[in-house]
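To get the numbering used here, take the position in the sequence shown, counting from 1, and add 317.
In short, the hints are calculated from the structure, not lab data. Please read these numbers as outputs of a predicted model, since none were measured by experiment. It is possible that part of the hints are untrue.
Stated by the list, open to error - Derived DSS-like pairs: lysine-lysine, alpha-carbon spacing no greater than 30 Å straight-line:
no.	residue 1	residue 2
1	K628	K665
2	K619	K679
3	K799	K619
4	K619	K517
5	K665	K679
6	K679	K689
7	K628	K679
8	K679	K517
9	K804	K619
10	K804	K628
11	K849	K628
12	K628	K799
Unchecked claim - Label pairs and their computed distance ranges (CB to CB):
no.	residue 1	residue 2	range
13	H740	A541	53 to 61 Å
14	I570	G368	49 to 57 Å
15	E757	D707	25 to 33 Å
Think of the CB as a built atom: it goes at the ideal place given N, C-alpha and C, for glycine as much as any other residue.
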Amino acid sequence: MNQRTAPRLVEILSSLADAVAPGRGPEAQTAALDATQVQSSVIGAILDLPGVPDEAFLSEVAKWLGLAYHEEDDVEMGEALHNRFPARIALRHRILPLSNEETGGLTLLTFDPFDLNAKQSIGAEINKPVTWAMASRHTIVEALRQGYGVGASNFDALIEGREDFIANDDMAQEVNVLDEEDEDATVLSFVNQVFREALKQRATDIHVEPLENDLRIRYRVDGALEEITVPPNMRMLQSSLISRLKIMANLDIAERRLPQDGRINLELDGNPIDVRVATIPSVNGESVSLRLLRRESFDFDKLQFEPHIGKQIRELLAMPNGIVLVTGPTGSGKSTTLYTFLRELNTKDTRIVTIEDPVENKLDGIVQIAVKPEIDLTFAAGLRSILRGDPNIVMIGEMRDLETTEIAIRAALTGHLVFSTLHTNDSIGGITRLVDMGVEPFLVSTSVRAFLAQRLVRTLCPHCRVPTNYEDSHLDTIGFPKEGRDKIFRPGACRDCRNTGFVGRMSIVEICQITPELGELITAGKQPSEIKPLAVAQGMVPMRDYGWAKVIAGQTTIEEVITATATS
318 MNQRTAPRLV EILSSLADAV APGRGPEAQT AALDATQVQS SVIGAILDLP
368 GVPDEAFLSE VAKWLGLAYH EEDDVEMGEA LHNRFPARIA LRHRILPLSN
418 EETGGLTLLT FDPFDLNAKQ SIGAEINKPV TWAMASRHTI VEALRQGYGV
468 GASNFDALIE GREDFIANDD MAQEVNVLDE EDEDATVLSF VNQVFREALK
518 QRATDIHVEP LENDLRIRYR VDGALEEITV PPNMRMLQSS LISRLKIMAN
568 LDIAERRLPQ DGRINLELDG NPIDVRVATI PSVNGESVSL RLLRRESFDF
618 DKLQFEPHIG KQIRELLAMP NGIVLVTGPT GSGKSTTLYT FLRELNTKDT
668 RIVTIEDPVE NKLDGIVQIA VKPEIDLTFA AGLRSILRGD PNIVMIGEMR
718 DLETTEIAIR AALTGHLVFS TLHTNDSIGG ITRLVDMGVE PFLVSTSVRA
768 FLAQRLVRTL CPHCRVPTNY EDSHLDTIGF PKEGRDKIFR PGACRDCRNT
818 GFVGRMSIVE ICQITPELGE LITAGKQPSE IKPLAVAQGM VPMRDYGWAK
868 VIAGQTTIEE VITATATS
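Turn these sequences into a full structure, and let the hints steer you where they fit.
Below, the structure written as structure tokens:
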């Protein structure tokens, strides 16, 4: 808060304090406010100024007005609020109701004690003693979100038959409704708020799951499922909610007995997003899974490879031909890695063609084909056509069968650079997987340039991570290196990470490059237990060892690495 701003803030706040002084009627208060030529959102405008700390500023305002100030730790964030105070008022004006055992009334927390509209709405609605207090904007917004649930304002409007309204921008935003019935419009607004909240929490998936007596919504954030708070009696909204999602995905709303797949293209708050939709019939009704596919830039640096690994991968990308296979279980980030490779190679003098199931992200300048088994456009059939189209680089979504794999090998042997994925536990396991599919070992050794295995681990929040120590005996047992044992961190809890201790995920990898010596072992039909020691001797860094480097760098935890590499 600079010197020029401070006097003006004091002048405005003094006028506002006069406006809300006890004993002044509504007319006088309104006149005083008009005289200052400011609106009731002045506190919000002040908090948005650079250099104004929320809690320090608001606690001083509370002290100046003689109001109690509640710290974040004093507020029960998960407390159910529906039976205590109307959601439409609480969310519109960002007012948090707390019980007041002394008076039998309510204590209402606000960050803007000068909001006369809020006080008038509450005076017309609440017939019990009200005591005002203050808290930070973040504390109130988060408590309201957890107490009322996502989309509570719209849900109340639907249940109570009231008209929809536009909540404050911090809780929800206006959505465009094109001549829908009131109920449909409310459900659509609710759906958009569910999507908006998922994006805010960095969720990759949304699961709408009917239970016996309720409807549950869960987000997958950083690989972990989190149940979100939703309004009570959500079961009443189940049919309308699922029908709305199916309409948005162009699915048959009358078909409830069979699984269906679709896609939704959204733009929320200026952010384009693709949503893959899958419905599954269950005994309690249809379950809907939504995969959120953000249109990312796929920057190589965002993969956060260790320098020697990054150099090794760039050398692979510079090869004129051969196969590079990215291996790992479902959800290990294989597609993101491949898209990043393709973006690096996407130049004006390079023709890149992909065949995928489905096309998850659209890349400019690259020809992308989606398989359609119902018209016999399979990986194998599509790949044959691709090779007749003069590509330099080919990406195959997954090597699922021998026919596709053999065509890919022929493409690699005839001068094409081929990328694809396999579901294996480690890089050496990719060799066994190809041989088990029926590929001749000598073809594996001559066509494959490298196997890149990867997993995803959660990244520690840099703002709250805490140094920690482990017993040397435990670290010896898990093979943690002796150097760096004083640089181990554990997760903390803060506002930036939503008290989880983690923000985002990163990949840990191992790369097995097929050298002439390894090729001889593969051709001879040797087992992985015989191939791996030579690969390590020739420079392959096992995935767990790579993970230890990330632990020592303070980027993740020992537990994350152990969990991710348990089967590698």
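- Message: For K628 and K799, compute the direct alpha-carbon distance and say whether it is at most 30 Å.
- Response: holds, 26 Å
- Message: With the threshold set at 30 Å, check whether the alpha-carbon distance from K628 to K679 stays at or below it.
- Response: Holds, because 27 Å separates the two Cα atoms, which is no more than 30 Å.
- Task: Compare the distance between the alpha carbons of K665 and K679 with 30 Å, and conclude whether the hinted pair is satisfied.
- Result: holds, 17 Å
- Task: With a cut-off of 30 Å on the C-alpha distance, tell me whether K804 and K619 pass.
- Result: Roughly 23 Å separates the two Cα atoms, so the pair holds.
- Message: Check whether the Cα positions of K804 and K628 lie no farther apart than 30 Å.
- Response: holds, 26 Å
- Message: For the hint 25 to 33 Å, verify it against the beta carbon of E757 and that of D707.
- Response: holds, 28 Å
- Task: Below or equal to 30 Å on CA atoms is what counts here, so check K619 against K679.
- Result: Judged against 30 Å, a Cα distance of about 19 Å means the pair holds.
- Straight-line Cα separation of K849 and K628 no greater than 30 Å? Satisfied, since the Cα-Cα distance of roughly 22 Å is no more than 30 Å.
- Query: Going straight from one Cα to the other, do K679 and K689 come out at no more than 30 Å?
  - Reply: Measuring from Cα to Cα gives roughly 17 Å; hence the hint holds.
- Message: Does K619 sit within 30 Å of K799, going by the straight-line distance between their CA atoms?
- Response: holds, 29 Å
- Message: Between the alpha carbons of K619 and K517, is the straight-line distance 30 Å or under?
- Response: holds, 20 Å
- Query: Would you say the C-beta atoms of I570 and G368 sit inside 49 to 57 Å of each other?
  - Reply: holds, 52 Å
The structure fails to meet hint 13 from the earlier list, while all remaining hints are met.
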